[in-house]
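Peer 1: Protein chains in written order, with the working numbering: chain V, 346 to 668; chain E, 6 to 264.
Treat the hints as calculated values from the structure; they're not laboratory data. Here a beta-carbon is modelled for each residue, glycine too, at the ideal position from N, C-alpha and C. Please note that a few of the clues may not be correct.
[Said to hold, decoys possible] Under 10 Å between C-beta atoms, here's a sample of chain V residues computed to sit facing chain E:
1. 502
2. 503
3. 505
4. 524
5. 525
6. 531
7. 539
8. 548
[Said to hold, decoys possible] Simulated crosslink set (DSS-like; lysine-lysine; CA at most 27 Å straight-line):
9. E:117 <-> E:148
10. V:454 <-> E:157
11. V:454 <-> E:117
12. E:157 <-> V:657
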Amino acid sequence: MLRIAKLPIAVFALFIIVFPWIARQIPVIEHYTNIMVFVGIYCLITIGLSLLMGYAGQISIGHAAFFGIGAYVSGILTAKYGMNAWACMVIGMAIAAVVAALVGAPSLKLKGHYLAMATIAFGIIVFIIFNEEIEWTGGPDGMSGIPGLSLFGFEFNSVKRYYYLVWGFVLAVFIFTVNVIQSGTGRALRAIHASEPAASAMGVDVFRFKILVFVYSAVLASLAGSFYAHYLNFINPSTFDLFFSVKLLIMIALGGMHSIWGAIVGTGLITFLSNEWLRYFEEFEIIVYGAILLFVTVLLPDGLAGVPGVVKGWFRKQVSDER
Amino acid sequence: MSADIEENVLELQGVIVTFGGLMALSDLNFKVRRGTIKAIIGPNGAGKTTLFNVITGSFPPTEGTVKFKGRPIQHLKAHKIAALGISRTFQTVELFGNMTVIENVMLGCHTKIRTSFMASGFAVPQSRRKEKQIEESALKILKFIGLADKFKDSADSLPLGEQKLLEIGRALASEPELICLDEPAAGLNETETHVASSLIKAINAKGTTVLLVEHDMKVVMNISNEILVLNYGEKIAEGPPEDVRNSHRVIDAYLGGVA
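Excised from the complex, chain E in its bound form:
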């Protein structure tokens, strides 16, 4: 059992999500092994983003269990789950446009600081020292994602490709064990896509487990260890890229059931 926990960072058991009469996820079971990159693919409306929202606590599942390192988290609020070590990016960029590039990453460090209103108001030396540390570690992350020279720019002013990278950087700032990336390559050109996928590989190489939703099949096939295919909220295939690629059900789902 404990070996199982060690191996599986995330485990979903019988997860069901309904919106009114609509079944967004039906009886979903899967595991994410530590240190791997797992991709979730499926046609539009398959429930991929819903799945991310459930895992990261935007809303609880209607039924079922989500376990992070063996601990049920499905009832926890988003900020609690973030503090446990799950971080995410958003399909449509959700940066803090009113802040600079480095401030966005510094906010990502939020789980690592104790923010007391009084302590910050009185500017106690301890909280100022902490700010310095956060600034330094944010700069390190910016170097890692290649945006260090733009640290003072407003996050709004970056081109989409860099905004996507910055979102990943912000998600990394909390030093998560599991990072959920929602379509990191959406809207990017070929060069930018290449940069994003090498970054994801580099993040994984540092030991972070990656859960990925992506439409760009080249990216998915290249970087994932395992793929889970969703269709109408149901799992229709799961396994290494080469197996999934040849699955009839997957081909049917994508091509409209010609066979």
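Next up, chain V with everything else stripped away, as it sits in the complex:
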């Protein structure tokens, strides 16, 4: 069976809990907790994308749009209408779900490159809307004044508090997704990836499952968008452009598409690269991403999650060569 071990999850949870404390002890990395908030936010998206792309085998290069939908729904409804932030979050997810179902219904019938093209087009359309609907979104200048989050009077007004809030959600989403992967639903998704004719001949409603997982990944991206908006208190369209969709793709490709752990590791690495380690590259940053994507697709098709297998194979070869 495809079993995802419990121990690594516990170790990982422990690491997340103690990370802010460790970071505080070392001045050079003190601000890493702030970056980790973004890692958590992006993980919400890439966990869903990993299920969609790695397990069900459906490509999307338009998830920046769902990320943006969450951010703008939360931003507009809280900043302009003063609605409850948590309610707006749910409304954002509901809207993302409806949009995903409407977009997914025709486009998920497409395969491979065509599906990729359709999702790119969708992403661009939504990006244009964010830019042009100035009355609602503030246009290219963005919108500010988005309030922070609070729950029963408890304000998530420090980096550390927001960090724990976001990572709490990441952990819950991670466990939920792992459960799905290990169930009959996950099996059906992987079957669709391997052979659609065989899956439907075995009674799997291929179309329904594709829509379901597309909607799920869109809802998670929207949730991430809401957290993003409330954390920065300011959003503008450039965050939700095509390049961000590609970046999400690089994150899960680097980590390993077929592994949910890969999604998290890849997200962490790419986020730290772009927010910290590649700052000096400025505009040339994109060349590094290109190099990473090239390296991974050519040499590490299973991403970092595939490294143990590659190393094992290498050792075996060395041993057999010596004989």
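Given chain V, work out where chain E should sit, using these hints.
Peer 2: Just chain E now, with coordinates in the frame of chain V:
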């Protein structure tokens, strides 16, 4: 009428399939009696796989009716037809190579579980119990087809003969009333062919009706109760093996109309 339904699991009436201008199946009528093994033979391009695709819902016929247990199914999607009790294998192996042997069979049980995304996400005890049951019944099937000791292997890693058996096992997992086997012996050596044909007989002995497309005449003649011969999408003969063997039209079709 009801006796007829009881007796005939599958009935095709006036089934026509055209691809553009090409007539793949023309006005096909036949019945499959419950509990029998019926073989469909014919030269390459005769329409055998097209016929399977129509029966199992890969695409609908251009015209005509396909009845399963007296109920028209020609308009239904493949997964609905699977749920009604028709299962199939593929001419070129279509296993889930990204899964283990037992997972392939467990997926075959898909029609027997209600898969709710939410229930599986929250890992409700009920859905976990169901998983256990499916695992057990999958293991039973693996024992039946002789692959129990390889249950953890990746489906990709099996030799072709075993992949063919595994496909049959996966098709059996839904406990179908009718199983459609598309060239189960293609590419197999003599020993493997023997294993496959005894397996088909064993499946039939358990009460499952078998519809079979096969090129290996030894297999066909040995195990089928009835044979239907197709040529250019038309039925040219139908009956017990010995009758078909002596039919002039069949000999003509295969040998190129020397007579």
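Peer 1: Enumerate the violated hints, using their earlier numbering and listing them in ascending order.
Peer 2: 1, 2, 3, 10
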